[in-house]
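Novice: Kindly produce the complete structure, drawing on both the sequences and the hints.
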Amino acid sequence: MISFENVTKQYLKSSVKAVDGLTLKVEAGELFGFIGPNGAGKTTTIKMLTGILRPTEGRVFVDGTDMASDPITAKRKLGFVPDGADLFDRLTGMEYLNFLGDMYGVSASDRKARMEKYLDLFELTDAVGGRIAGYSKGMRQKLATIGSLIHDPDVWVLDEPMMGLDPKASYELKEEMKRQCAQGKTVFFSTHVLDVAEKLCTRVALIHHGRLAAEGTIEALKNAEHAESLEQIFLELTEDGHQEEE
Amino acid sequence: MTQFLALLRLELSGILSELSNSGNKQKGKVSRGLMTVVLLVLVAGSLVWFEVRALDILIPLKSPEILLKMLVFASMLMTFVYGFLQVLSRMYFTKDIALLAYLPTRDTTVYTAKLSGQFLYEIAVSTLLILPGTVVYMVRLGFDAALLCRALMLCVLTPILPICLCAVISGALTKVPGFWKHRETVTTVFTVILLLGVFTFSFFTGQAGGRSSDDESMRMMVTGLSSLTDEVIARVPPAAWGAEAMMGNWLSMLLLFAVSAASLGLCMLLFGRNYISEAASGNESTADFKKVDLANVRIEKKSALMALTKREIREMLRTPAYLINGMLGPVIMPTLMTVMMLVSIMSAAEGGIQAVLEGLGNGKGIMLIVTIFMTCMVSLMAGMNSVASTAVSREGKRHGLMMSYPVSARTIVRSKFLAGLFFSMLGVLPPPMICLILIPGFGSYALLMLLWTGLLAYCGTAAGLAIDLGRPKLDWINENQAIKQNMNQILGMLLIFVVLGIFGVSAVVLFGMDLDVRLLAVIETAILALMGLAFTLWLKKASKAYGRIEA
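Top line first, the protein sequences correspond to chains L and C. According to my numbering, the first sequence is numbered sequentially starting from 1. According to my numbering, the second sequence is numbered sequentially starting from 1.
Take these hints with a grain of salt, some might be off.
Result set (EDC-like, lysine to aspartate or glutamate): computed pairs, CA atoms no more than 20 Å apart in a straight line [said to hold, decoys possible]:
no.	chain 1	residue 1	chain 2	residue 2
1	L	LYS117	L	ASP154
2	L	LYS117	L	GLU176
3	C	LYS397	L	ASP86
4	C	LYS181	L	GLU176
5	C	LYS290	L	ASP154
Keep in mind the hints are simulated off the structure, nothing from the lab. Since this is a predicted model, take the numbers as computed values, not measurements.
Specialist: In structure tokens, the structure reads:
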């Protein structure tokens, strides 16, 4: 479903490679966790996956469609929850969802049904008539999440999705992620919360200094690193000097 | 005291960074610095020029001291008029209150530091206004150390009362029920009133001498301003104390000082003690959301282009910073100016516009000249519209969000162009209609004017957007920086002035060739159409850059 082929990203004004030769495949029905320390390259990778940034080298495929050669088709298959939920503050929640519906060409009836379902699930119905500028961080995150599902995407990409959510919304989000996977869809999300990744993901990848440090199921990684938890693996692999030793 | 100084430093650095538009980038610092110096020289130069000319008129009338009184009055008036919004936004609409609220400092300390920051800024402005005038006065009438000393004291004293008044009004406004909910409307309405006031004042001041020679017009302007100053001084005691203090009455200086100090104390007493909780309440009251009945809500599916264009227009209309700085003036002013100009000609000339036209020859050539002149005037004002020239910059951090949507860069650029053109057309559509109603026999010329102003609006929109696509400013923190402190806005305006120059100069050349009026109109239209085509091609090329922008 998602495929990174030797993807490298070097920003125009930087000599450092934010992502360096990343090769990764995520299949349909997988709940994939993308973890790594701050500045490791997670958001850059997600930005390349969603077509926001162009890779300096390599290619990104979404359900077999090359993001570089046919970005519109590839983007149609994606639902994206951005980091920090920087949304269009001057629109109301309702206008924002309708705007996204128009962007993805969702019919009025489907749009309405999904709005009702997810606004109810994330308890945002009462606030959807207000301007986004007046929303709290968590409300913005919920709205971004609902907006990303408005076109029922095959691939759901979430950048730090638990940030700012209350425990109930966080629980509902995790449940929804599982439901999407059960329907055969791909969920790809980045997180700092290792417990969530450990309990939720079918597979994880750890990125450090822009390079893929480890990848596999939690069990396989634990066995390979002789560790008891994902946290231990994370600390081990992201320790300074570990990669050089490798 | 340490806390006060630290807070004052914070406030001043905020004001300075707003003025310098520097952000964190080193790039373009020199050019921005040069631009600031050029602007300052231009403003100071115009002021000194006015002061020299005013003295030329006032010295023979044996009343040069009127200039000094005018300076004191102008300093107080400008501090009040322009300071109100600044006090309101820097003291009550600022987001840093939330960060200051948890610090172990008293409300009065924060209030005093914020008010002092505003005072220091206004003192700098009044110094720029009063000091050069006093120097010019002394150059013409001889050095007077006491006058210089008084002028310097008044540079400090004159802003205090107006700023205190602004602080009192702002503080009182925040206590009005529903104020926080409608604060953006209050800001916008006040700005519109200010805009209309300044425009009307400058139009009638300039128009007073419009039919006379330069000297005559200057004399009328100076005498008009001096009688206005006298009138205000007679009715507003603080203005009278300031003017008398400037003229050497130390008792008035003392009175002004005492009243200023007392009003400062009153402000702190009234609004300082609960300042943080009052100012912070603005962040709390916004969570009053309108309920939506999802079951009965009507949803319509639109095309991506329509949705994007609608979003652009909504954002422009709902963001006061964008509305005030980028669009309102250029939309309102062409209509206002057309009405004022035509009505004043109608009332001033015997027999109205018809008589003026007959006096000029009343041939078809005259009508075409009127059409070209009106087109240039309207487009000059409408050309200051910066909706298109900041369209990409306004995306800011949300550029990534735009890029994640399954629409082509061309569609996004096209939506920005349509929104820009929409606002430009709002400015240029009414004037031809007004001309049609008020100028006898304008008929088909109104259509021609509409065509030309429309083509010029098209050129301005395309050129502005192409400029912004080439070098968008995405790293802004607040909306003011996105539009007001954006060089692309100025470049867009300059370019439309160049286009207008080409249009005007070619008209002069063609009139000199004594061509048939219809042929001349066709050639002028063709020139504009060609420029429109060139800008379209430029925009098409520039829009390819949209997808490569890395925020």
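Novice: For each hint, tell me whether it holds in the structure or not.
Specialist: Here is how each hint holds up against the structure:
1. LYS117(L) to ASP154(L): The given pair, whose Cα atoms are some 18 Å apart, holds under the 20 Å limit.
2. LYS117(L) to GLU176(L): Within the cut-off at roughly 12 Å; holds.
3. LYS397(C) to ASP86(L): holds (7 Å)
4. LYS181(C) to GLU176(L): Roughly 36 Å separates the two Cα atoms, so the pair is violated.
5. LYS290(C) to ASP154(L): Status violated; Cα separation ~33 Å.
In summary, the structure is inconsistent with hints 4 and 5 from the numbered list given earlier, while agreeing with the others.
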